[in-house]
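Given these sequences and hints, build the entire structure.
Listed below, chain by chain, are the residues.
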Amino acid sequence: MNHPLNIGDTILQSRFFLGTAGYPSPDALSKSIEAAKPGLLTVSLRRESKAGKGQDFWNIIKSFNLPILPNTAGCHSVQEAVTTAEMAREVFETNWIKLEVIGDDYTLQPDPYGLLEASETLVEKGFEVFPYMTDDLILANRLSDIGCNILMPWGAPIGSGRGLNNPYALKLLRDRFPNKTLVVDAGIGAPSHAAAAMEVGYDAILLNTAVSTAGNPAQMASAFAKAIEAGREAYLAGIIAKQDSANASTPLIDKPFWHQDGS
Amino acid sequence: MSDSIKVTVNGQPKDFKAPLNLYDVLEQEELIGMMIAVAQNGTFVAKEKYQLTVIGDGDEIEIVAPMQGG
Numbered sequence: 061m062n063h064p065l066n067i068g069d070t071i072l073q074s075r076f077f078l079g080t081a082g083y084p085s086p087d088a089l090s091k092s093i094e095a096a097k098p099g100l101l102t103v104s105l106r107r108e109s110k111a112g113k114g115q116d117f118w119n120i121i122k123s124f125n126l127p128i129l130p131n132t133a134g135c136h137s138v139q140e141a142v143t144t145a146e147m148a149r150e151v152f153e154t155n156w157i158k159l160e161v162i163g164d165d166y167t168l169q170p171d172p173y174g175l176l177e178a179s180e181t182l183v184e185k186g187f188e189v190f191p192y193m194t195d196d197l198i199l200a201n202r203l204s205d206i207g208c209n210i211l212m213p214w215g216a217p218i219g220s221g222r223g224l225n226n227p228y229a230l231k232l233l234r235d236r237f238p239n240k241t242l243v244v245d246a247g248i249g250a251p252s253h254a255a256a257a258m259e260v261g262y263d264a265i266l267l268n269t270a271v272s273t274a275g276n277p278a279q280m281a282s283a284f285a286k287a288i289e290a291g292r293e294a295y296l297a298g299i300i301a302k303q304d305s306a307n308a309s310t311p312l313i314d315k316p317f318w319h320q321d322g323s
Numbered sequence: 017m018s019d020s021i022k023v024t025v026n027g028q029p030k031d032f033k034a035p036l037n038l039y040d041v042l043e044q045e046e047l048i049g050m051m052i053a054v055a056q057n058g059t060f061v062a063k064e065k066y067q068l069t070v071i072g073d074g075d076e077i078e079i080v081a082p083m084q085g086g
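Residue numbers (this note's numbering), protein chains in the order written: chain A, 61 to 323; chain B, 17 to 86.
Simulated from the structure, these hints should not be mistaken for laboratory data. Just so you know, not all the hints are guaranteed correct.
[What the hints assert, rightly or not] Derived DSS-like pairs: lysine-lysine, alpha-carbon spacing no greater than 30 Å straight-line: (1) Lys315(A) x Lys240(A); (2) Lys122(A) x Lys63(B); (3) Lys122(A) x Lys65(B); (4) Lys185(A) x Lys65(B); (5) Lys286(A) x Lys315(A); (6) Lys65(B) x Lys22(B); (7) Lys286(A) x Lys240(A); (8) Lys22(B) x Lys113(A); (9) Lys110(A) x Lys65(B); (10) Lys33(B) x Lys286(A); (11) Lys63(B) x Lys110(A); (12) Lys22(B) x Lys33(B); (13) Lys110(A) x Lys30(B); (14) Lys315(A) x Lys65(B).
What follows is the structure in structure tokens.
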């Protein structure tokens, strides 16, 4: 079953956002995209030389005709992030930007202050900002206040594969922002992590390393696609509330040796 | 008579002949026609402004293109 997602005027055909970095080969990247059938692909910018390495990569990506979400990976300051976003808008001809302003090199934790300042500048410049953020409620409020339509809290540090470090905080964001597009970005390791986020109502999952460095990237991409879809369907279907006591699923009336009132 | 100026292109110091605009730099770096974007001294320069953008001694130019990203 297809569960499309609207971002502005664009309808994404899948809630799986796939990164394009770190694959063992261009062929592995292509096969993973084919298997994932993602709603969008994330890309980045790096220095170019006359050898034109970036152009070769782009030829692979554009053949899939998918929406593109450029990032500002590696930016540590507001100015760097804003300039990178402006360059990305020109190169990829999109106003979408996955905004990363890194505050700590060990955890790659986003700098909430820099993120907020850069987001405000970019929203004013007409960008649709996808802020890569911690799961902090107050930061989410501030980002929402300055015009971010999408919030992307981390599950865990980038590439760590730890899954959802703080399910309570992620659920709280979902509860407090029922109409906001929420995406878990980063830290996902296993398809079950992605499913867990989707089951509490997240709108999409953005991941890269869990697929690109898997033993078989294309097969893992397929597994994630199923998990994300299953999680979404389960959320829509309505998951039962947890209880402390057992509740027999098989009706007891008229079972053999049944006696009313226990007699 | 033209002067020689030093311009840093993608982190590499290089000598160019002045007067010089941004389009000249991209031409000499053999990047015209590629899918690129440029910043001068940390500030984005739109492609329609390349020929109007004067490059001076000590300027830092960043030229970027699509790359894998997560």
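Going through the hints against the structure:
| no. | hint | result |
| --- | --- | --- |
| 1 | Lys315(A) x Lys240(A) | 49 Å, violated |
| 2 | Lys122(A) x Lys63(B) | 21 Å, holds |
| 3 | Lys122(A) x Lys65(B) | 26 Å, holds |
| 4 | Lys185(A) x Lys65(B) | 18 Å, holds |
| 5 | Lys286(A) x Lys315(A) | 39 Å, violated |
| 6 | Lys65(B) x Lys22(B) | 21 Å, holds |
| 7 | Lys286(A) x Lys240(A) | 24 Å, holds |
| 8 | Lys22(B) x Lys113(A) | 26 Å, holds |
| 9 | Lys110(A) x Lys65(B) | 21 Å, holds |
| 10 | Lys33(B) x Lys286(A) | 58 Å, violated |
| 11 | Lys63(B) x Lys110(A) | 18 Å, holds |
| 12 | Lys22(B) x Lys33(B) | 9 Å, holds |
| 13 | Lys110(A) x Lys30(B) | 15 Å, holds |
| 14 | Lys315(A) x Lys65(B) | 83 Å, violated |
In this structure, the hints that do not hold are numbers 1, 5, 10 and 14, in rising order.
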